[in-house]
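A.B. asks: Chains A and B, in that order, give the protein sequences. With numbering that gives the first Met the number 0 applied, the first sequence closes on residue 582, and no number is skipped along the way. With numbering that gives the first Met the number 0 applied, the second sequence closes on residue 869, and no number is skipped along the way.
Everything labelled a hint here was simulated from the structure, so no lab data went into it. Glycine is no exception: its CB is placed at the ideal position from the N, C-alpha and C atoms. It cannot be assumed that every hint is accurate.
What the hints assert, rightly or not - If you only want the chain B side, here are some residues facing chain A, beta carbon under 7 Å, derived:
{"#": "1", "residue": "Met847"}
{"#": "2", "residue": "Phe851"}
{"#": "3", "residue": "Ser853"}
To be verified - Beyond 12 Å from chain B on every Cβ pair, some chain A residues (computed):
{"#": "4", "residue": "Leu10"}
{"#": "5", "residue": "Tyr57"}
{"#": "6", "residue": "Ala63"}
{"#": "7", "residue": "Glu185"}
{"#": "8", "residue": "Ser218"}
{"#": "9", "residue": "Met271"}
{"#": "10", "residue": "Gly278"}
{"#": "11", "residue": "Val396"}
{"#": "12", "residue": "Thr522"}
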Amino acid sequence: MKVFKNVLIWLFIGVLNALLLWAIILLFTLANYGLGIVISVFLVITDWAIFSSKAYPYRYTLPALFFLFILTIYPIYYTIDTAFTNYGTGHLFTRTNAIDTLLTDSSYYYEPSNPITFDFKVFVKYDEQYKPTEDFILLLYDQENIYLAEKPMIRQWDSKGNLIYAESELFKVENDMVVKEEGTYEIIRPSGSLSTTGSDSIIAVEKGDIRYNYFYSPSDSTTSSNSSFYNSVLRQNYLKSLVLKYEDKNFKLSSSYVFKKFSEAYRVYETMVKVLIDGEREIYKTVVVNTLTNKELIEKDAAFWDYNENGTLYRLIGYKDYVGMDNFAKIIKDPRISGPFFKIFGWTFVYAALSVLLTFIIGLAFALILNDSRLKGRIVYRTLLIIPWAIPAFISVLVWRNGFFNETYGVINRFVLGNFGINPIKWLNDPFWAKVAVLVVNTWLGFPYMMTITLGSLQSIPEDLYEAAVIDGASRWKQFRKITFPLLMVSVAPLLVMSFAFNFNNFTNIYLLTGGGPAMAGTNTPAGSTDILISYVYKLAFEGSHGQDFGFASAISILIFGIIAIFSYFNFKFSGSFEEVSR
Amino acid sequence: MAMIEKKNYWLRHLILIICVVIILFPLVWLISTSIRRDNAAFSPKLFSSRVTLNNYKDLIIQKQNIPELVNELMSISSYIGEYGDITIEEAKKKSNKLLKELETYFVETNKNIDNIEQLYAQIFALYDSQYKDQFFQNINSLRVEDYKNFEQELTNLVNIAEELGIKVQFSNLQQLIKQYFKLRNTIISTLKTSNIDKNSAYYTDTMNLLLQIPINTSVWRVKTYRKWVSEEPSIELIGEDILSLGNMWKEIENEMNQLIENINLQVSNLFGETLQKISETESRVNSLNTHISQILSQQDTLKSNNQKIYTRLAAISDVYIMEKDRIKSSFSILEKYDLQNIQGKEPLLGEDKLFFDTVKKLSVIIPQVYENLKSIDEFIQNGFVDTLHFYGEVYTFLNINFNKIYEIKDTTAISPVYKAIKASTIKMSVSLDELIPLSQEYSENTRELANLGTELVSLRDEKIFLEDQLFEIKKEYEELSNNISKIESLPKLLVLLEVSSQEITDNLEAINYSTLMQSKYYPYYIPERNKYVVMNWYNSLVESKNKFDSGKEKLNALQNSFQQNIDIYKNNLDHYLSINYGGNIATITPLSEMQNLYNIQYGSASADISRAGRIVSDLSDITSFSELKKMLRNIDKDLYLLQQDWSAKIRKPFMRWLLNSIIVAGIVSVLTVFMTSVAAYPFSRMRFVGREQGLYFLLIIQMFPGVMFMIAIYGILKFMGDSFGVLGLDTITGLIFAYMGGVAYNMWLFKGYYDTIPDSLEESAMIDGATRFQTFWRIVIPLSLPVIAVVLILTFMNTFNEFVIARIILQSESNYTYAVGLQTFSTGPYETEWGLFTAASLLGAVPMVILFLSMQKWIIGGLTQGSVKG
């Protein structure tokens, strides 16, 4: 039994190491060095933990450590790294990827003037149930000749699974036959037909005992019922990016003929290796050349630029590049960004502070009212008052937004204000009222938490203190000020700080309620009047109506790091957590 | 003592109850909106009594209704989507099942329609047999109330007229009106008792005409009477009576107009003065306005002139002021010089002569200029005035003593002085000639401006005074004119008075009565909005029945054509299913026909049915008879169910979302508990390299929300999905992976708890031969069940409520978790389906609330642990 267990353990260790090594190698080949390094470090620690008896404690931490590394340490590194790049819309790929796109994307092909064009027919092999499969033959034809192409073996995809390149060879058909090593393709026409052109009726193409039946042709409307299979399967997976080669010519589906013909097409851009002398060393650099003009593409601002017919520079494609402190400098220097940024920054503080203040005051008020053990039904009241906290925040916020703050149909505008004769307020479209709305909702959501913790700590204040105060003749207010409040703050203060930090980053409430609020004018980033820093970051990174800017978003994330770190420091100092560490 | 405390508690209870009601109101709203039948956004009522559980059914069970069944049949027969790979047999089986469901629906629809018909018949019957009288009682009591009001109003008007001194003679008019109504009633009763067909359009038209006020027979004569009389000659007599009725009304109108003219005459006699006064004051105000603007433009001209002069003068003054210092110091020397014993001689030629002449001129000009400008602020300020004053002294002195100075001009003391003053004076002589005219004009302009200014002020004051006066007069007059127009509408009031004295005996009369009352015929009577609904009750009921009938016809026609097509499809099912098998897509005519018909015809049928439903529900709200109310409610309910069977619905994979959320939250919480309970153990029990740093690090990490790592996590998942094919974006496993990063906080909870378990248990176990890990597994874990429970629950709840990362990672709708999916219900202010949205919210919220409330103690303990000491 023990041997079995040991074998199992060694097997497990072996598999683990193999997997991790494979992942590391893959990462390095894909140039994802950051993640590669992180996993390597983890691998080292793991092996050390397993094989060294001194590292026994680490064995317990390994699973958690793994996730910590991948989901916390690596993202920190990644965020810091991205903050110094221009990663975002227009600069999404690495330089290598950008070059690849220039070489393979169909928009970078050109048709020469007076190109040779062909019509074509698709022949498909059916399976046993007479349903079409993906095994097919293409016949290209013009007035005189017919050419045959097999299904392309070479295909390339991009990261989303879209076909970006496919290649196949064209063979000329002589006497309705193409002779190849593996077999001969024969064209089968209706019996009695004497034509030899491609445009006349062809029933099938046979190679040995494999029969490819006539399936579809864009110029033949009798095959239109097969168009959905052709379009959704054959064209998507093969023909879309197919390059047919014959002698020195290339043919692609031509957009000028609405993809109903094949036409000559050639790549506009090719790569070339240039040698640069830097001091004493030779450096090899890959550059891209425009084959029509024989000019090298210009690289500036982390993009490739080319000259168009008028001689003006225009931007082809951008790539990700390091830009140093640009993102941070942008915050201060660019007035269109720094204005909104500081406004958002200020509002974040104000919002967090006000939220804490309001929730605390209301929670404290309720706690004081409910703190009397002689009050009947206080448990009922407490339970009822906790409900706003119990309802998942995203539900409550959506309810508030749609049902209550809606300008035209919301309950507040229609029923509450209507009764008092006040004009309806444009809640979520007015910068000021949107802020009010956000604070109202946050208070509603947050006061039960404050109420609960203040109740808890109120109950821990001994009664004798109050009795002594009453004997000495202190009024209720004095009792509160001198006894209740100080003792309360001792235990609640750290929680207040924690609550401040929580609200500082309280993305859910703001985003779901106002989406960041009515947009601020005069800025080219998606900044809104109720945005807090973190929702601003989110919008910058993921809602790119102005273009996604991951670099800038990461820079701001780092700033938020810094601020939160300062707060956490004070929080932990207050709550004595630092002492716990040294215990 | 006890008494006081009791009182306090009442106050506390009161405050608490009010607060609870306000705070929990959103929850109440949530519940009430989710069970409403109508679309809460467009309803004027906050809570509705038309309730249904259909919203919940639509989310949970999602039973397909008719249009969805047809669409699914279509998909099966075309072998697309999820039916891409089925065999013909399976397709046949499924299609048959769906066809059967369709037929059930048809049966149900028929039953529903029959039900509704029955209810309508019942309600009409009830009305006729039992409630009709009561209704008319209510109607007539309304009428009597109106009558009393009108009487009162009449007396008021008469009083007002008397006060104003206007005499209104309306007894004649009243007589005419009474006669009119008498004749009208006769005609009506003749028509009613005759054996003319009461259902014919002519009859109703004529009745409506008769009941109309004011009556206009010309259209009726052409449209109805001519045709009717050719069909039933017996009408002729009645027709003539009707026409004479029309003439009588014309007489009444004439009398009314005469009365009004009379009143107007009296009005202009009595109150013409006031009107005149008003127009006089107005024209005076207008002329004031013109005058004021004239002055303003004069001022402008003067100001611009002055501006030019000022520039010129300022240039000159600069030159003068510049020389001041030089002249000053020279003059002070000259002053002190003893000139008594000098003879003096006069210069005859050249510069000196010029100098002498200039001095002469200056001694005359400068004082004058000084006089002109001495009170002008601008020149006082820039020092010109002072300079001029000083120069006046200087040049007077020079003029008087010029000869003497001229004689001694070459002495050592005087020579530089003489030269300096000569140079300065010659400099200043350039602009001598214009000084006086410029300064004079400037000071005159300034004076004129001041005058104009004062005039302007007084004009403006007068204007304000007059305007106030006008306002007062107009106010008084407004009241007066209001009263006058009221008095002028007195004739119409008389008509209303008479109308309200006539008993209402049938629905046609009731409807016409309420139309007249709400038509502002007498413009000062504006009844409240729903005052006369009871009069229109029967009519609305009839209208709803009509709408229902028309909708029913359309629906029946649609259902019949559906049935035909279904029969065709059923008969040829095998054939159809095999045509399309194999990549072919031929249109299946019966099915596509059904879809077309539905798209074309259902819309109007549905509109009719929902209109009928709305009318019926409004009626049920205002009906006070409970039996009728109940029946109306039932009709409304059945109409609603009818629509639910037929109308296309918004479908969302709601249950799937809930399932996703629960799966993700469950797996994440279990895995996290495993991981962190094991990982926290060494931090508590052992000492090793990196322990303190690790703990610090965990402390700091606690504070950073996962939201900030979203960019990186997105990248990681994308990479993994592209390269490994698992754990990619838009997968549940990927989401679970992303949530596993929340270890820091939980490790602290575990560590804190482990710290409270004494070491001794484990030490004694190890002495007995257990390994470290065995002590952990067998002793510590069972003792830590409380904290395990806390972490489990907290993690479950936090994961369930998390939506940011889920939103980034999940992209296709069927993969959403509940949190992300809920947002798709509310894409905009008008597109929100409030019923569905609130029902969906409740379905998610209620279990979580219950979970939270039952685990309160543990959750709060977990959250406050580590902060509240002792």
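A.B. asks: Take the hints in turn and mark each one as holding or not.
C.D. replies: Checked hints:
1. Because the closest C-beta pair between Met847 of chain B and chain A is about 5 Å apart, less than 7 Å, the hint holds.
2. A cut of 7 Å between beta carbons decides the hint on Phe851 of chain B: the least distance to chain A is about 4 Å, and the hint holds.
3. For Ser853 of chain B, the shortest C-beta to C-beta distance to chain A is roughly 10 Å, which exceeds 7 Å, and the interface hint is violated.
4. Every beta carbon of chain B lies more than 12 Å from that of Leu10 of chain A, the smallest distance being close to 19 Å; the non-interface claim holds.
5. Not every C-beta of chain B lies more than 12 Å from that of Tyr57 of chain A, the closest at about 7 Å, which undercuts listing it as non-interface.
6. A cut-off of 12 Å between C-beta atoms contradicts the statement that Ala63 of chain A is not in contact with chain B; the least separation is 4 Å.
7. Even its closest Cβ contact with chain B, about 24 Å, leaves Glu185 of chain A beyond 12 Å, as expected for a residue assigned away from the interface.
8. Chain B leaves Ser218 of chain A outside its interface by the beta-carbon criterion, the shortest separation being 20 Å against a cut-off of 12 Å.
9. Taking the minimum C-beta to C-beta distance to chain B, about 29 Å, the non-interface status of Met271 of chain A holds against the 12 Å cut.
10. No beta-carbon of chain B comes within 12 Å of the beta-carbon of Gly278 of chain A; the shortest separation is about 36 Å.
11. Remark: the non-interface label on Val396 of chain A conflicts with the geometry, its nearest Cβ contact in chain B lying 10 Å away (cut-off 12 Å).
12. The non-interface label for Thr522 of chain A is consistent with chain B: the shortest C-beta to C-beta separation is roughly 21 Å, beyond 12 Å.
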